[in-house]
Each structure stands twice: as structure tokens, then as C-alpha cells.
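Peer 1: One letter stands for each residue in the lines below.
Number of protein chains: 2
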Amino acid sequence: MSSPERQLHLAAFVTAGPGRPGGWRHPDSVSDWRSAAYYQRIGRTLERAKFDLIFFADILAVPYRYGDSLDPQLRYGALGSMRLDPTPVLGTIAGVTEHLGLAATVSTTYVEPFAVARSFATLDHLSNGRSAWNIVTSFQDAEARNFGKDSHLDRAQRYRRAEEFLQVTAKLWDSWEDDALVLDPQVPVFADPERVHRVDHHGEWFDVQGPLNVARPPQGYPVLIQAGASPSGRDFAARWADVIFCSHASLDAAKDFYADIKGRAAAHGRDPGQIKILPAITPVVAETTEAAKEKTRRLADLVVAEAGLSTLSYHLDIDLAPFPHDEALPEMDVPGVQGHYEEVRELTEKHGMTLRELGKQYGGTHEGDFSGTPSEVADTLEQWFTEGGCDGFTVSAVYQPGAFDEFGEQVVPHLQKRGLFRTQYTGSTLRDNLGLDRPASGDWRKRAVHEEGR
Amino acid sequence: MSSPERQLHLAAFVTAGPGRPGGWRHPDSVSDWRSAAYYQRIGRTLERAKFDLIFFADILAVPYRYGDSLDPQLRYGALGSMRLDPTPVLGTIAGVTEHLGLAATVSTTYVEPFAVARSFATLDHLSNGRSAWNIVTSFQDAEARNFGKDSHLDRAQRYRRAEEFLQVTAKLWDSWEDDALVLDPQVPVFADPERVHRVDHHGEWFDVQGPLNVARPPQGYPVLIQAGASPSGRDFAARWADVIFCSHASLDAAKDFYADIKGRAAAHGRDPGQIKILPAITPVVAETTEAAKEKTRRLADLVVAEAGLSTLSYHLDIDLAPFPHDEALPEMDVPGVQGHYEEVRELTEKHGMTLRELGKQYGGTHEGDFSGTPSEVADTLEQWFTEGGCDGFTVSAVYQPGAFDEFGEQVVPHLQKRGLFRTQYTGSTLRDNLGLDRPASGDWRKRAVHEEGR
Numbered sequence: 001m002s003s004p005e006r007q008l009h010l011a012a013f014v015t016a017g018p019g020r021p022g023g024w025r026h027p028d029s030v031s032d033w034r035s036a037a038y039y040q041r042i043g044r045t046l047e048r049a050k051f052d053l054i055f056f057a058d059i060l061a062v063p064y065r066y067g068d069s070l071d072p073q074l075r076y077g078a079l080g081s082m083r084l085d086p087t088p089v090l091g092t093i094a095g096v097t098e099h100l101g102l103a104a105t106v107s108t109t110y111v112e113p114f115a116v117a118r119s120f121a122t123l124d125h126l127s128n129g130r131s132a133w134n135i136v137t138s139f140q141d142a143e144a145r146n147f148g149k150d151s152h153l154d155r156a157q158r159y160r161r162a163e164e165f166l167q168v169t170a171k172l173w174d175s176w177e178d179d180a181l182v183l184d185p186q187v188p189v190f191a192d193p194e195r196v197h198r199v200d201h202h203g204e205w206f207d208v209q210g211p212l213n214v215a216r217p218p219q220g221y222p223v224l225i226q227a228g229a230s231p232s233g234r235d236f237a238a239r240w241a242d243v244i245f246c247s248h249a250s251l252d253a254a255k256d257f258y259a260d261i262k263g264r265a266a267a268h269g270r271d272p273g274q275i276k277i278l279p280a281i282t283p284v285v286a287e288t289t290e291a292a293k294e295k296t297r298r299l300a301d302l303v304v305a306e307a308g309l310s311t312l313s314y315h316l317d318i319d320l321a322p323f324p325h326d327e328a329l330p331e332m333d334v335p336g337v338q339g340h341y342e343e344v345r346e347l348t349e350k351h352g353m354t355l356r357e358l359g360k361q362y363g364g365t366h367e368g369d370f371s372g373t374p375s376e377v378a379d380t381l382e383q384w385f386t387e388g389g390c391d392g393f394t395v396s397a398v399y400q401p402g403a404f405d406e407f408g409e410q411v412v413p414h415l416q417k418r419g420l421f422r423t424q425y426t427g428s429t430l431r432d433n434l435g436l437d438r439p440a441s442g443d444w445r446k447r448a449v450h451e452e453g454r
Numbered sequence: 001m002s003s004p005e006r007q008l009h010l011a012a013f014v015t016a017g018p019g020r021p022g023g024w025r026h027p028d029s030v031s032d033w034r035s036a037a038y039y040q041r042i043g044r045t046l047e048r049a050k051f052d053l054i055f056f057a058d059i060l061a062v063p064y065r066y067g068d069s070l071d072p073q074l075r076y077g078a079l080g081s082m083r084l085d086p087t088p089v090l091g092t093i094a095g096v097t098e099h100l101g102l103a104a105t106v107s108t109t110y111v112e113p114f115a116v117a118r119s120f121a122t123l124d125h126l127s128n129g130r131s132a133w134n135i136v137t138s139f140q141d142a143e144a145r146n147f148g149k150d151s152h153l154d155r156a157q158r159y160r161r162a163e164e165f166l167q168v169t170a171k172l173w174d175s176w177e178d179d180a181l182v183l184d185p186q187v188p189v190f191a192d193p194e195r196v197h198r199v200d201h202h203g204e205w206f207d208v209q210g211p212l213n214v215a216r217p218p219q220g221y222p223v224l225i226q227a228g229a230s231p232s233g234r235d236f237a238a239r240w241a242d243v244i245f246c247s248h249a250s251l252d253a254a255k256d257f258y259a260d261i262k263g264r265a266a267a268h269g270r271d272p273g274q275i276k277i278l279p280a281i282t283p284v285v286a287e288t289t290e291a292a293k294e295k296t297r298r299l300a301d302l303v304v305a306e307a308g309l310s311t312l313s314y315h316l317d318i319d320l321a322p323f324p325h326d327e328a329l330p331e332m333d334v335p336g337v338q339g340h341y342e343e344v345r346e347l348t349e350k351h352g353m354t355l356r357e358l359g360k361q362y363g364g365t366h367e368g369d370f371s372g373t374p375s376e377v378a379d380t381l382e383q384w385f386t387e388g389g390c391d392g393f394t395v396s397a398v399y400q401p402g403a404f405d406e407f408g409e410q411v412v413p414h415l416q417k418r419g420l421f422r423t424q425y426t427g428s429t430l431r432d433n434l435g436l437d438r439p440a441s442g443d444w445r446k447r448a449v450h451e452e453g454r
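Protein chains in written order, with our numbering: chain A, 1 to 454; chain B, 1 to 454.
Check each hint, because a few of them may be wrong.
Any copy, or any two copies together, can satisfy a pair, since identical chains are not distinguished.
[What the hints assert, rightly or not] Below, a list of computed lysine to aspartate or glutamate pairs in the EDC-like style, where the Cα atoms sit at most 20 Å apart:
1. Lys149 <-> Glu204
2. Lys50 <-> Asp28
3. Lys149 <-> Asp200
For the record, the hints were derived by calculation from the structure and aren't laboratory data.
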């Protein structure tokens with residue numbers, strides 16, 4: 001068994017709810033996705049398979065972008081119909097795992113930086129250095145309307161706010177120096193007041209005095225994850241992110257994105273090796289190639305076209321209901337997730353799909369073709385990894401939790417045999433396992449485009 | 001063993017941090033209060049002792065009310081020097097317990113009702129009906145300054161906002177009817193769109209469209225806890241609260257409060273039996289009466305006077321640093337917690353304490369005298385319970401977690417032998433265990449003083 005220095009990393013993309021639009025209908029899917037036991041089971045499965053982290057998506061509303069209606073969304077269980085708050089869910093997993101990284105998606109648009117900095121610092125302490133924050137800026141009007149606004153901020157404003165938000169959270173994590181907590185019962189000294197500092201941030205969006213009421217996280221900062229695909233998103237991610245989550249329909253698209261992000265990071269003075277790019281995949285594994293294709297078809301059959309289109313409408317932030325469902329998706333500018341649009345255009349052109357067919361497909365799998373026997377799937381992953389498409393993968397399940405069991409038990413051993421993936425955890429924190437340096441106090445200044453506030 | 005119909009209820013008051021000002025110095029206190037294991041251990045201890053619930057206090061800042069300085073606060077580990085976010089902490093406990101209620105303190109002043117409604121609905125699903133929300137309105141400028149404000153809202157404004165906040169969260173919990181989630185994979189129907197409703201709330205403080213993206217909590221609403229001691233606080237609590245947390249220096253004071261709240265509830269048309277009043281106690285248990293007194297003195301010795309006065313300054317929202325520490329606490333109007341002021345005035349008068357002595361005492365125990373042998377402590381609890389002082393107690397630990405072990409192992413068996421406390425859990429939700437009805441959809445209208453918004 002060879003053991004090359006560069007190994008790939010694995011994240012699991014999980015929804016704290018019923019999962020993919022057709023997934024809840026699958027006979028192997030478990031329906032107790034409201035219970036702590038369900039998430040603890042997934043966490044244990046992933047830790048057994050030596051995954052780097054579990055990653056919870058989020059949305060702050062039931063989407064109703066398709067047909068401007070909640071009806072198809074709720075009726076067919078489109079993505080986001082029901083979604084638990086990921087933070088307490090991660091708490092349940094933190095308590096029964098030892099190595100698995102714990103990532104929650106939290107928007108910078110509808111909450112305050114003090115609350116977010118504190119929540120992740122808490123999770124990092126509770127888990128002994130395993131927390132990660134997937135930073136999103138939110139682009140659904142449905143979300144804005146649950147938080148006192150008529151419509152979402154435009155992209156430029158969202159990223160300006162996100163920039164300042166990140167600076168404030170980093171200042172709060174740094175407000176306790178690493179050795180500020182003394183805990184000497186004799187003197188007595190609980191914390192050294194000389195090593196705890198107010199933040200006194202006053203900027204365009206935020207005024208925060210500080211200090212945080214939690215000591216500096218074991219990891220310094222939680223692992224920062226971002227998924228920007230637009231030019232402003234890519235720039236933000238190249239500066240701030242430790243891990244980048246993306247989505248591509250082909251290896252060529254993945255390579256272009258990978259080279260672009262690593263270049264942007266280097267241009268900003270960062271070590272490109274300190275950013276891990278983990279594209280989403282939705283593997284479908286079976287005993288034979290043909291059986292995997294058949295399984296993919298059966299999975300697509302479980303998706304009501306309207307459910308897939310409802311999810312796609314929300315991802316693209318475009319109402320697809322008025323477009324003819326027997327014709328192809330037309331070319332358009334999308335205000336939503338650029339990466340998803342590029343994927344579905346590529347799918348549409350390659351397979352000549354109608355909008356209805358696209359809906360059924362999109363609700364099942366859509367990130368390239370990662371179906372086949374376990375060995376074939378491992379081949380594809382190896383190719384993407386070795387040919388400069390990625391640093392690892394974010395594995396999504398067509399049905400939860402079964403597809404994670406299959407991937408962990410069937411595909412991971414192939415990756416391990418090839419020396420591409422760990423057989424045991426070696427680090428003590430998530431940053432260690434990902435090969436990321438621990439940020440020193442003030443590290444955020446290297447990531448900020450310019451300092452906001454004073 | 002007799003088993004009278006009326007049994008008392010027990011909550012445990014826990015800080016997600018080092019606990020009482022002197023507690024962290026105690027040799028039996030455990031210093032890993034940053035780890036999930038610490039909280040899981042407390043949760044298991046309380047469940048073994050058949051407690052109704054664990055209740056986490058909170059504050060959104062390091063207080064600096066004493067001497068307008070962080071220094072004594074941090075140096076001596078006064079209450080609130082470090083405090084983890086209770087929500088992920090409760091997640092870790094939810095995953096390893098089956099019966100224990102899980103209460104977090106969340107302020108209505110610095111967050112949005114959608115986020116709070118969702119977080120508690122999530123916890124209620126994850127724990128199968130065990131969540132509780134301790135509603136506070138926040139009165140520290142230190143908190144305001146971490147959330148973009150110069151100073152905290154005045155009491156009238158805070159309670160107006162809290163009133164509307166509660167109405168919005170209740171509307172969101174009701175936005176899914178109890179049977180809205182259908183989960184029929186054949187038809188298919190995920191949720192019945194006819195039974196999920198927008199909220200469309202537009203009020204003085206909040207505009208929220210809804211619906212919530214989480215189905216109605218198993219308990220209907222989480223158990224609502226409140227601690228108002230001022231007249232506006234009492235009125236709010238009598239209308240909204242299922243459980244009332246309070247603090248009294250004597251049984252007489254407890255009886256007055258108890259009668260007042262039950263009267264206010266009845267005047268508002270509520271069944272007074274549906275409000276459980278659980279005053280705080282800080283028991284000190286030892287083998288003999290004299291040993292318990294000596295233990296109390298030793299505990300007070302661990303408290304640096306400045307640490308106790310720092311905590312008291314924050315509770316009263318008055319800077320006590322300028323007052324002569326060798327004289328008694330003068331009479332004054334306090335903007336902070338009325339109940340705490342009444343307690344310390346009673347202590348000061350009874351024992352002729354100087355401010356410095358009061359500081360040492362306040363950092364240890366201050367809620368009446370619940371020290372003695374296990375049987376003597378049980379006597380006092382029985383007296384308070386049977387003479388109309390309370391429906392049970394909120395037990396605070398002089399040192400965490402040891403004092404909870406002692407209470408559970410030594411005092412609880414006496415209460416059980418006397419038929420005053422359960423020997424096993426009989427309900428399936430926290431509401432069941434507390435003897436509280438499950439609120440039907442729309443129940444909040446009976447609690448609201450008048451409907452805010454439209």
C-alpha cells in the first residue's frame with residue numbers, strides 16, 4: 001500500500017430534514033429525521049468511515065419560488081420544506097463523536113456577529129476543536145420576509161456586509177488571547193484581565209464593543225467554509241475560506257474553478273495549499289455499472305418533476321413555473337447560485353433534456369456522473385483528485401442516511417487501499433485533519449480586503 | 001409510602017461556564033466546563049435523580065458593572081466571566097438523555113423571533129418534546145453594546161417588545177397544524193399545503209411572513225419559563241409563563257409572591273394550577289447541621305468579595321464599587337432584578353452585614369437558608385411546598401457539578417420516601433412531567449394581553 005503525501009478530504013453534505021426531493025420516498029430512507037438519534041447515527045457512520053466533517057446546509061424559510069406558491073414545495077417535499085436549525089443538531093452529534101468536524105451553515109445577513117461568534121466558539125470548545133462555519137449571504141426573498149425585510153439585499157451589499165461580519169467575528173474570537181484563561185484557584189486568578197480585550201468595532205453595518213464571553217476557540221477560528229461561484233463570491237472565498245464547497249457538472253469545469261480559486265488566493269498572498277476545494281458529488285453505488293444506472297433511474301422516478309423544479313427555482317432564484325415544461329431550459333441570467341445554473345445548462349445540452357426531465361433529474365443527482373460500482377466510483381474520484389479538479393469531495397446522499405452507509409462501507413475502502421484517504425484520524429482538531437494551520441491572533445487581517453470600521 | 005396527588009417539581013439551574021464566583025475554586029468542582037462531557041455528566045446525574053428539567057442561565061456579555069471595569073470581573077471569575085451559548089450545550093445533553101427537560105435562556109431583545117421559534121422547535125423535535133425557553137428581556141448595557149445599541153431598552157419598551165415577540169413565536173409554532181406533516185410516499189404527499197399557513201404578522205417591532213420551516217413542536221409550544229419580579233414582569237409572567245423562576249430570602253416572601261402570581265393568573269382567566277412556581281435554592285448538605293454551617297462558611301471564604309459584589313452589581317444593575325465596603329448596603333431603587341435586591345436587603349438586615357461581607361455571601365449562597373443534613377434540607381423543602389410557598393424548586397449548585405450529585409443522592413431520596421417527589425418518570429414530554437396541558441393551536445390568544453400586529 002503506497003501512501004502519497006497528498007490525500008483527499010471528505011465532507012458529508014447533510015440536510016437536517018428529509019433530504020433530497022425524492023429521497024424521503026425511498027424505501028431505504030429513514031423517516032425519523034426529527035430525532036437526535038437519526039443525526040447521531042449519521043455522525044457515527046461518518047466517523048467510522050473517517051470523514052473529515054459533516055456539513056449541514058440551511059435555509060431560513062420554506063421556499064416558494066416555483067409558481068410563487070408554497071403548495072408544490074410542501075406537497076412534494078421539495079428541498080427546504082422542513083429544515084431543523086443546524087446548531088442544536090450539531091450539539092447532539094458533538095456529544096457522541098470524537099474526531100468528526102461539525103459544520104453549520106449560518107447566514108451573515110439576518111443575525112448579529114456577536115451571536116454567531118459565540119455560537120461557533122461554544123461548539124469549538126464543546127467539541128475540542130471540531131467546529132466549522134459555512135458562510136452564506138442568503139438570496140431568497142422568502143428568508144428576508146421572515147426577518148422584517150421586503151426583499152433580500154443585492155449581491156454587492158450582501159458581500160460588503162459579509163466582509164465586515166467576518167472581521168467582527170474574527171475580532172471577537174481574538175478578544176481573548178490564547179492564554180488568557182489562567183484558572184489558578186490559589187492566587188486566585190480566573191482570567192488575566194490584561195489578556196482580554198474589548199473589540200470596539202464601529203463600522204458601516206455593525207457596532208460591537210466586546211469582548212466575547214467565551215475564551216478563544218481551540219482552533220483559533222472555526223474552519224471557514226464558503227461556496228461563492230460568482231466573481232464577487234469567488235474573491236470573497238479565496239480570501240476568507242479554509243474550505244470551498246462547489247458544484248460542477250464536469251471535470252473540466254472543476255479544473256477551471258480550481259485553478260481560478262488557487263490563483264486568486266495566491267494573488268492575495270495566501271498559500272493556495274491552505275484552501276481545500278471540495279466539490280459536491282452525489283454518488284450512486286451498485287454491484288454492476290448497469291445496476292447503478294438503473295438505480296439512478298429509479299431514484300429519479302421518485303422525484304415529482306415539480307419538486308425538482310421547485311428546488312431548482314430556489315437555487316437559481318428564478319420562478320421556472322411559467323416556462324414550458326416540454327422544452328429545454330432557456331439561457332438566462334440567474335440571480336441565484338451561478339454554479340448550479342452552469343451545471344444544469346451542461347446537463348440540458350448534453351442530454352437534450354426538457355424542463356420536466358431536468359426537474360426529475362435535479363431532484364435526484366445533478367453534480368456530474370458519480371455512479372457505478374464502488375471501484376468505478378473510486379476511479380472517478382481519483383481522476384478528479386489527481387488531475388487537478390479538487391482536494392477532495394463533499395458527499396451528498398440521494399437518500400439519507402442509507403447512501404452514507406453505502407459510500408462509507410463500499411467506496412471509502414477503495415480510496416484507502418489506493419493510499420488516497422486516511423485509515424485513521426491523526427490530528428486532534430478539524431484543522432489538523434484538513435492539513436490547515438491554526439490561525440494566530442490577528443490572522444484575519446491577512447484575509448480582509450481592507451479593514452472595516454475602526 | 002404515601003403518594004399524595006400533589007408532588008413537587010425540580011429544576012436544576014446551571015451556568016454553561018464555571019458557575020458561582022467561588023465555585024470554580026472549590027476542590028470538588030471540575031474544571032472541564034468547556035467540554036460536552038461535562039454537561040452530559042450533569043444531564044445524566046439529574047436524570048438519575050428524576051429532575052424535571054435542566055435550566056441554563058445566560059448573559060450576552062462579560063458584565064463590567066462593578067467599577068465600570070472588566071478587571072475584577074475577569075480576575076476573580078465573577079458570574080458571567082465566561083459563558084457558553086446554551087443552545088448547542090443543550091443539544092449535547094438531548095442526545096444522551098430521554099426524560100430530562102432542556103431549558104435555555106434566550107433574550108427577546110437582541111434576536112429575531114423567527115430564529116428563536118425555529119431553534120426551540122428544533123430542540124423540541126430532537127428531544128421528543130422536552131424543550132423549554134426561559135424568556136428574558138436583558139437589562140445590561142454591556143449586552144446592548146455587543147448588539148449595536150448604546151444602552152439597553154427601558155423596562156416598558158422591553159416588555160412591549162417581549163409581548164409582541166411571544167405572539168410572533170407562538171404564531172410560527174402554530175403555522176403548521178398538528179397533522180400537517182403527512183409523509184405518504186405513495187401518493188406522494190410530504191405535507192398538506194392546506195394545513196400549513198403563512199403568519200403575515202406586521203406589528204410595532206416585527207414583520208414576519210412565515211410559515212416556520214419546522215413542523216409544530218411535539219409539545220405544541222415549548223414550556224415557557226419567566227422570572228419577572230417587578231410588577232410588569234409579574235403580569236407578563238402570570239399571562240405567558242408555564243413555569244416561574246424566582247428567588248426569595250424567606251418563606252414569607254415566597255408565600256406573598258406565590259399568592260400574588262396565582263391571583264394574577266386567575267384574574268387573567270388562566271387555571272393557576274397550570275403555572276408552576278419554582279423558587280431558586282442553593283442547598284448545602286453535610287452529615288451534621290454544624291458541618292453544613294461550616295461548609296457554607298468555607299464556601300463563602302472561596303469568594304473574593306469583589307467577585308460577589310461584581311455579580312451583585314450586575315444583578316442589580318447598580319455599580320456598588322463607589323459605596324463604602326465596611327458599611328451596610330444602603331436603601332436604593334434598583335433598575336435590575338427586584339427579587340435579588342429584596343433578598344440582599346433581608347440578609348443585610350438580619351445579619352447586620354457590611355457590603356464586603358455581603359459580597360462574599362452573595363457569591364456563595366443567598367436564597368434563604370437551605371443548609372443542613374439531607375433530612376433537614378428535605379424538611380425545609382417540604383415546609384415551603386406544603387405551606388404555599390411554591391410548587392417545587394430550582395436547585396442551584398454552590399460548586400458544579402458536585403453539588404448536584406450530592407442533592408440527587410442525598411436529598412432526593414428523602415423527598416421520594418415522603419411521597420413528595422416521583423420515583424420514576426411517567427410522562428413522555430416535559431409538559432407531561434410538569435403536569436401541564438399541551439397548548440392547542442391558537443392557545444397564545446388566551447395569554448396575550450391584546451393582539452399585537454395583524
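Peer 1: Would you mind marking each hint as holding or not holding in the structure?
Peer 2: Checked hints:
no. : hint              : verdict
1   : Lys149 <-> Glu204 : both (18 Å within a copy, 14 Å between copies)
2   : Lys50 <-> Asp28   : neither (23 Å within a copy, 37 Å between copies)
3   : Lys149 <-> Asp200 : between (28 Å within a copy, 12 Å between copies)
Consistency note: the structure conflicts with earlier hint 2 alone.
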